[in-house]
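What follows is the residue order along each chain.
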Amino acid sequence: MKRPSFSFLTPVLTPVRVAYASLPFSVRRWTMPILLVLFFVVALLSPSFINLYWQQVLIYVGINIILTASLNLVNGYMGEFSVGHAGFMAVGAYVASILTVWVFPRWGLEAYIAYLFPIALLVGGLAAGLTGLVIAFPSFRTRGDYLAIVTLAWNMIVKSVLENIDAIGGPRGFMGMQKLTSVAWVYVWVVFTIYLLRNLVYSNFGRGTLSIREDEIASSLVSVDTRKVKITVFVVAAFFAGIAGGLFAHIIQFINPRSFSILKSTDVLVMVYLGGISSLGGSILGATVYTVLLELLRPLQVWRWVVGPLLLVLLMIFRPRGIMGMQEWPFLIPREERAERVAALMERIRGRREAFAATAPVGGSSD
Amino acid sequence: MPILRIRGLTHYFGGLRAVHDFHLDLEPGELVGIIGPNGAGKTTVFNLITGVYRPTEGEIFFNGHNLVGKRPDQIVSLGIARTFQTIRLFKELTVLDNVRIAHFARTRYGVMSAMFRLPQYVREEAEIRERALELLDLMGLLEQANWVASSLPYGLQRRLEIARALATEPRLLLLDEPAAGMNPGEIADLMELIQWIRRRFDLTILLIEHQMRVVMGICERIKVLDFGETIAEGTPAEIQSNPRVIEAYLGEEAIA
Ligand SMILES: Nc1ncnc2c1ncn2[C@@H]1O[C@H](COP(=O)(O)OP(=O)(O)OP(=O)(O)O)[C@@H](O)[C@H]1O
Ligand SMILES: [Mg+2]
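These protein sequence lines map, in sequence, to chains V and Y.
Numbering follows the numbering used here, in which position 138 of the first sequence is assigned residue number 169; successive positions increment by one, without gaps.
Numbering follows the numbering used here, in which position 116 of the second sequence is assigned residue number 164; successive positions increment by one, without gaps.
Check each hint, because a few of them may be wrong.
What the hints assert, rightly or not - Lysine to any residue pairs mimicking SDA-like chemistry, simulated, CA-CA at most 25 Å apart: (1) Y:K139 to V:L376; (2) Y:K118 to V:L376; (3) Y:K139 to V:S290; (4) V:K259 to Y:T155; (5) Y:K139 to V:K210; (6) V:K259 to Y:R154; (7) Y:K118 to V:R258; (8) V:K259 to Y:H71; (9) V:K259 to Y:P291; (10) V:K210 to V:K259; (11) Y:K118 to V:S290.
Please keep in mind that the hints were generated in silico from the structure rather than gathered at the bench.
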């Protein structure tokens, strides 16, 4: 398929890209770490010079990076279509909030609440992961649109269940959370998440996931336990959505079932497909661009909620792989996977070959 | 004792009987061919052996394991690997990754080990990387290790598919029309390659092929299918002079 690209951007982007690519790798590999460090410095100092509003935006960017990168595992790397990520976020948000608002204080731990916050988040994430397991089991018996339907139903069920449990506020929502989420905390979790996901992606599981996306039958016929891979990846994605939910609850300090509707899931989908499938760097980019964009579109009021779904449709038609589809920032590639390391290993193997001189007949007439 | 033993294998697709009462005993180290006109049921036999379909009837035993009802990945782990009639590489992944994926079943580390880069993960990954590159080197694909699979010329894609199958460390290799789409020169290389890997990896090979030159040239025994039925069986010489075979192929391809 020929896809029209954002060709009007080419005159601007191409020189930048060329200039960047011409830098030596030793320089390029530091780009992201330096940006990240800068970011952290900004984040830590932010209370003193960034106003509260932009601090919040920074926090939302971070939360959305976690949501996007985790959903990318399922929708990008694996090529399935999960549309209920906000459902897992809700589980994490409510569980973490119940812990910090009711459980920890009841145990007389109120004074330590800031230290217990990571534990609340982890428990929220585990709860979300557990629900992910329950969803994944039946969903991955067959391939196809089944997952989309199940996750759609899941998202709606979570919302209506929450609306009907009066003890946690029903449709009115749940409040009383302290503002435990800070810019610095969010980005600690972002780095943690991206690091763990990167390691997963460059493992057997990650490669298995990609192979399922390319050809599931062929994948199982080269020994990949496709069902195990799919379930594992789905549960990991749900876990991180739960973490993001907990962080979210402790910044807005008030959650209600509507915060976790299909609209929220759609936003995450947009960020995945905007940034690029099968790319963690793409997810970081997509989440950042889209979150900031939505903030800038605030004056549009209700109309800005049209932007997400519309953008999603346009992306799926014109640029289904997103900005960085299947590409990765060098700094997100593990050291041992980088071209020069692999080249060195190849060189060693070539050196050893002479000793055996037993390679397969190559023949002169092929290719 | 045969390494593969198939008895009364029958498979229906709805009302269509694609394979009927198929029998086969493969002795270790044999190279056996399956031929037959289009739609004869050859690929279906491979799909039944590898667990892609569950047979309507019949038994398949591999080294004493009953394969019926097992998942494809379990069957591969037992030591059966295959290639496909139309190439099914992971096109957008690198040559190296295509081969590394085939190490899945023999890798022991878990998700946690991978996510936290525990020693087991680091060690096993290093092993996989090295073994995959060694295999690529053996197969003459080392220089293309970092290429995206789809960018390989056709002949090398076929070769990579064989390399990927070998990476699962099979005892039995099933090749489904490996010479399809190749020119005479490439076919000659392929025949040499098949015999070489058979010796090098100590394999038993079952080969589907339309190219009579290949089948007659390298197979020790041949089975002929037509409309799901086994119509003949024997050495290449016997098959070439069998009147039923000549009839089944009449007008399609001369048996040279
Ligand atoms: N998944 C399927 N569903 C329905 N019918 C099928 C399926 N796979 C194969 N068939 C039918 O079963 C019969 C045998 O097909 P098969 O692919 O095994 O033939 P083959 O001998 O490999 O032929 P070819 O030389 O063309 O590859 C054909 O009539 C085919 O149309
Ligand atoms: Mg066939």
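Hint by hint, here is what the structure shows:
no. : hint             : in the structure
1   : Y:K139 to V:L376 : 24 Å, holds
2   : Y:K118 to V:L376 : 37 Å, violated
3   : Y:K139 to V:S290 : 40 Å, violated
4   : V:K259 to Y:T155 : 14 Å, holds
5   : Y:K139 to V:K210 : 48 Å, violated
6   : V:K259 to Y:R154 : 15 Å, holds
7   : Y:K118 to V:R258 : 14 Å, holds
8   : V:K259 to Y:H71  : 34 Å, violated
9   : V:K259 to Y:P291 : 50 Å, violated
10  : V:K210 to V:K259 : 38 Å, violated
11  : Y:K118 to V:S290 : 45 Å, violated
Violated hints for the displayed structure, listed by number in ascending order: 2, 3, 5, 8, 9, 10 and 11.
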